[in-house]
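If you want the building blocks of each chain, they are given just below.
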Amino acid sequence: MLHPSAHDLGPDQAIIELRNLTCGYGRDVVLNDVSLRIAEGDFVGLLGPSGSGKTTLLRALLGGTTVHSGEVAVYGRTLNGDVPRVGYVPQLETVDWNFPVTVEQVVMMGRAMEGGPFPWNRSADRDRAREILERLGIGDLAKRHIRQLSGGQQQRVFLARALISSPKLLLLDEPTAGVDIKTRDDLLHLLDELNHQGVTVIMTTHELNAVAAHLAWVVCINGEIVAEGAPSDVFTPEILKRTYGAEMPIIKYQGLTLVGEQPHTIGRHEGVHAAGDRRATARPKTGAGDV
Amino acid sequence: MFEPFQYEFFVRGLIAATMVGGLCGLLGVYIVLRRMSYIGHGLSHAIFGGAVVSFVMSFNFYIGASIWGFASALLINATTRRRPTIGADAAIGIITTASFALGVALISRTSTFTRSFDAALFGNILAVDNRDLYAIAAVAGFTIIAVFFSYRQLLFTTFDPDVARYYGVPTGWIDTLFSLILAAVVVVSLQVMGATLIAAAIVVPPIVARLLTDSFHRMVAISTGLGAFCGLAGIWISYFIDVSSGASIVLLATAFFGAAMLYASVRDRLANAVPTAARG
Ligand SMILES: Nc1ncnc2c1ncn2[C@@H]1O[C@H](COP(=O)(O)OP(=O)(O)O)[C@@H](O)[C@H]1O
Ligand SMILES: [Mg+2]
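Chain order of the listed sequences is A and B.
According to this note's numbering, the residues represented by the first sequence are 159 to 449, in order.
According to this note's numbering, the residues represented by the second sequence are 146 to 425, in order.
Here chain A stands alone, though its shape is the one from the complex:
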């Protein structure tokens, strides 16, 4: 289980501060009047449906949006088009998987500015890359092309690129999208471990029960900040309705606050006779037809 972080630090410990930020792309406004403070050592989940502005909020922290009004300050510096040095892991679906790069070459991109003036890598950087890949459990994949990996391994490659410069702040965009349950749990525990070593973690997710329910602090977004707090406080039918626009009952289970769904019946629901037929086809088979 992920630990609850001390979110109630004093006002001067905030390393990220958004003050009434309205931002977007060009003339389009995506986020409206957003105010948010994140303290050193926090582990925060940005939660919201697709298109709600989660990625945009991360980009705002990186100086990658058009600010219409308000302010973004990261480590006490107001961003004026400059980019703060933080570890950033983009959403995997934005990656060009046909690009000819190996795992090692992607990880070394994280040292593009610090690796020296020559095309080849310094041996200290190579050692560091190997060490991080080992730690993430993909040390033997360094020479593989990025397309030849599973979703969880691909996620780790881009995490390694972010970690190679030992950032104190890590921003991850949908790191658990499209991976299986075991990989997701491993990844969340890895992030938890980093968080325990002092790294502030901000990640986006649209998965309520699978991810957000396990985090210490979540921020619900839907073009604006709907609510923030521990999942047990934030997961209420009213807040979820305003975030997701759907009715969602709340379930308490083993200390977790989970979100249920309105029962729907979709598709044909046959009578006893048809069900009997289906049972016949579903019976375990043995012999030649078995795969």
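In short, the hints are calculated from the structure, not lab data.
Since the model is a prediction, treat every value here as computed from it, not as a measurement.
Hints are not guaranteed to be accurate.
[As the list claims (entries may be wrong)] According to the in silico footprint, chain B covers these stretches of chain A (three or more CB under 8 Å from chain B):
#	stretch
1	247 to 253
2	259 to 272
[Unchecked claim] What follows is a list of derived Cβ distance ranges for each label pair:
#	chain 1	residue 1	chain 2	residue 2	range
3	A	S281	B	A416	44 to 52 Å
4	A	G274	B	N275	37 to 45 Å
5	B	P315	A	R305	22 to 30 Å
Just so it is clear, CB atoms sit at the ideal spot from N, CA and C, and this is done for glycine as well.
Position chain B with the ligands against the provided structure of chain A, taking the given hints into account.
For chain B with the ligands alone, kept in the frame of chain A given last:
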């Protein structure tokens, strides 16, 4: 077989084509990977317009065409970046063909042409003189130095320009530098390749290289080497079969493309025949 080497013009043309082929192959890697293949085509046509304009105004060809080309490249880059709803490639098509048409219009208006523009359209190594050779060498030297010292930033910017910026890479400067190099390379290539064939010299070698490797470093090496080889061998062949230099270089590169396609499909079939246990 080595008979043409006794002619000075042939040796000059050979050196020029080798350098130009290598340069186009090198820059082509970045252009193809950014899916901007149409840029080579557009830019060479735009620069043709610039070449004619500087000739008509009795302005130095290299300076006039380079300024024209760099302006076009910046304009193209800005258009690509903005991603307008009309589509960047359409906008580029308009900008560059208009420039080309301007060149054609000027040629047809001016009756006192002493210089053939066939070379600028289709390439002609006979017309390469020492001054051209020095210009190509200067551009090659600058390109190699620039790519060498910005290699990592250029790779990251090509792979993912948005994220590269978040990692502190000055992607705006990298793009501008690249546009500058590209314009210079197209200008010095004009005489050897011709405006109509530069696009192929830029696109074919990197695609062949991509078919042969999954590693970026190797792709750069193979594409540059193949471009240079096609330049060299293409000129040599053109001497014996008497076709224009640009056409012979491009046809040779295309033959390599066919061979690489064949090789890649055989390789993939063999790889698929064996269960891919290595995946995982
Ligand atoms: N680069 C962009 N340019 C213009 N609009 C964008 C861009 N990226 C996202 N948007 C728009 O911003 C809104 C929020 O997108 P995003 O932040 O990606 O949402 P989420 O990550 O929560 O799915 C969407 O309506 C999307 O169309
Ligand atoms: Mg997103």
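Hints, one by one, checked against the model:
Counting residues of the stretch 247 to 253 of chain A whose CB lies closer than 8 Å to any CB of chain B gives 3, which reaches the minimum of 3, so the coverage claim holds. Using a Cβ-Cβ cut-off of 8 Å, 10 residues of the stretch 259 to 272 of chain A lie near chain B, which meets the minimum of three, so the contact claim holds. Roughly 33 Å separates the CB atoms of S281 (chain A) and A416 (chain B), a value that falls outside the hinted 44 to 52 Å. At roughly 38 Å, the beta carbons of G274 (chain A) and N275 (chain B) sit within the given window of 37 to 45 Å.
A hinted range of 22 to 30 Å for the beta carbons of P315 (chain B) and R305 (chain A) is consistent with their spacing of about 29 Å.
Checked against the numbered hints given earlier, the structure breaks only hint 3 and satisfies all the rest.
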